[in-house]
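A.B. asks: Spelled out from the first residue to the last, the chains are:
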Amino acid sequence: QQQVKQSPQSLIVQKGGIPIINCAYENTAFDYFPWYQQFPGKGPALLIAIRPDVSEKKEGRFTISFNKSAKQFSLHIMDSQPGDSATYFCAATIKLNGNNRLAFGKGNQVVVIP
Amino acid sequence: EAQVTQNPRYLITVTGKKLTVTCSQNMNHEYMSWYRQDPGLGLRQIYYSMNVEVTDKGDVPEGYKVSRKEKRNFPLILESPSPNQTSLYFCASSFAGGNYGYTFGSGTRLTVV
Chain F
820 QQQVKQSPQS
830 LIVQKGGIPI
840 INCAYENTAF
850 DYFPWYQQFP
860 GKGPALLIAI
870 RPDVSEKKEG
880 RFTISFNKSA
890 KQFSLHIMDS
900 QPGDSATYFC
910 AATIKLNGNN
920 RLAFGKGNQV
930 VVIP
Chain S
54 EAQVTQNPRY
64 LITVTGKKLT
74 VTCSQNMNHE
84 YMSWYRQDPG
94 LGLRQIYYSM
104 NVEVTDKGDV
114 PEGYKVSRKE
124 KRNFPLILES
134 PSPNQTSLYF
144 CASSFAGGNY
154 GYTFGSGTRL
164 TVV
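Chain order of the listed sequences is F and S. Heads up: the first sequence is residues 820 to 933, going by our numbering. Heads up: the second sequence is residues 54 to 166, going by our numbering.
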């Protein structure tokens, strides 16, 4: 059961472009929405996260936009660089049985061409 | 350096031969978790632990066991591996679960033949 749906599956952009990855969720009990970045041969690493009471968050060239009413959130990579080429996972957390359970999307491969 | 260490990085084994993948963290985190990553399926949680001697099933626990006898260690045990457990496995730890970000290990690529 995929609780967080991510699109598109892959994305190729030119250097300086703005790849946008979208995620949608159904469960309104989710209360924290992180994005993880994974390079080949490495484990995922927390990139940026947002809580549902905020509509936008920026950290460096990475921005999350959050639309609570539409139950959607997206990651924008400003002025993308070849070093941003990676797989990006959106996720959402929910408190179940005392545990903050983390549900991941299927991942999106972003390739930035020089 | 704060990190999650998994061993081995690569493992090829035969069907039915018990194996253990070790995981250790040096951040004094209470939460630890195991995930498997498969193409097109993303990351799926196998088991998690909220503290020593406290473990629970994730989304895909069948065929796996875990134990948490010490805070820093969280081994993943496959009592009788099968080919459908061929996957990339990640151990992760967190201060307090998903809301505080997980630190992931570098992964263990397991092949069961």
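Each hint should be verified, as a subset may be incorrect.
Derived lysine to any residue pairs resembling SDA-like cross-links, with alpha carbons at most 25 Å apart [said to hold, decoys possible]:
1. F/K861 <-> S/E106
2. S/K70 <-> S/N104
3. F/K925 <-> S/K122
4. F/K890 <-> S/E123
5. F/K925 <-> S/A149
6. F/K824 <-> F/N918
7. F/K914 <-> S/T164
8. F/K861 <-> S/P114
9. F/K824 <-> S/M80
10. S/K122 <-> F/R920
11. F/K861 <-> S/G69
12. F/K914 <-> S/G111
13. F/K824 <-> S/N79
Simulated from the structure, these hints should not be mistaken for lab results.
A.B. asks: If a hint holds in the structure, say so; if it doesn't, say that too.
C.D. replies: These are the hints, each one checked on the structure:
For the hint linking F/K861 to S/E106, the alpha-carbon distance of about 29 Å lies beyond 25 Å, and the restraint is violated. Proximity of S/K70 to S/N104 is assessed by CA-CA distance (about 29 Å); at most 25 Å being required, the pair is judged violated. For a cut-off of 25 Å, the pair hint linking F/K925 to S/K122 is broken: about 32 Å separates their Cα positions. At roughly 39 Å between alpha-carbon atoms, F/K890 and S/E123 are farther apart than 25 Å, so this suggested pair is violated.
Annotation: proposed proximity of F/K925 to S/A149 holds, straight-line Cα distance about 23 Å (limit 25 Å). Straight-line distance between C-alpha atoms of F/K824 and F/N918 comes to about 22 Å, which keeps the hinted pair within the 25 Å bound. Between F/K914 and S/T164 the CA atoms are separated by roughly 33 Å; this puts the pair beyond 25 Å, and the hint is violated. For a cut-off of 25 Å, the pair hint linking F/K861 to S/P114 stands: about 23 Å separates their Cα positions.
Distance restraint check for F/K824 and S/M80: the Cα-Cα separation of roughly 31 Å exceeds the 25 Å cut-off, and the hinted pair is therefore not satisfied. Note on S/K122 and F/R920: the hinted pairing holds, with a Cα-Cα distance of about 21 Å set against a maximum of 25 Å. Proposed proximity of F/K861 and S/G69 is contradicted: the alpha carbons are some 28 Å apart, above 25 Å. Among the hinted pairs, F/K914 with S/G111 is consistent with the structure: their alpha-carbon atoms are about 13 Å apart, no more than 25 Å.
Taken as a hint, the F/K824 and S/N79 pair is broken in the structure, with Cα atoms around 33 Å apart against an allowance of 25 Å.
Violated hints for the displayed structure, listed by number in ascending order: 1, 2, 3, 4, 7, 9, 11 and 13.
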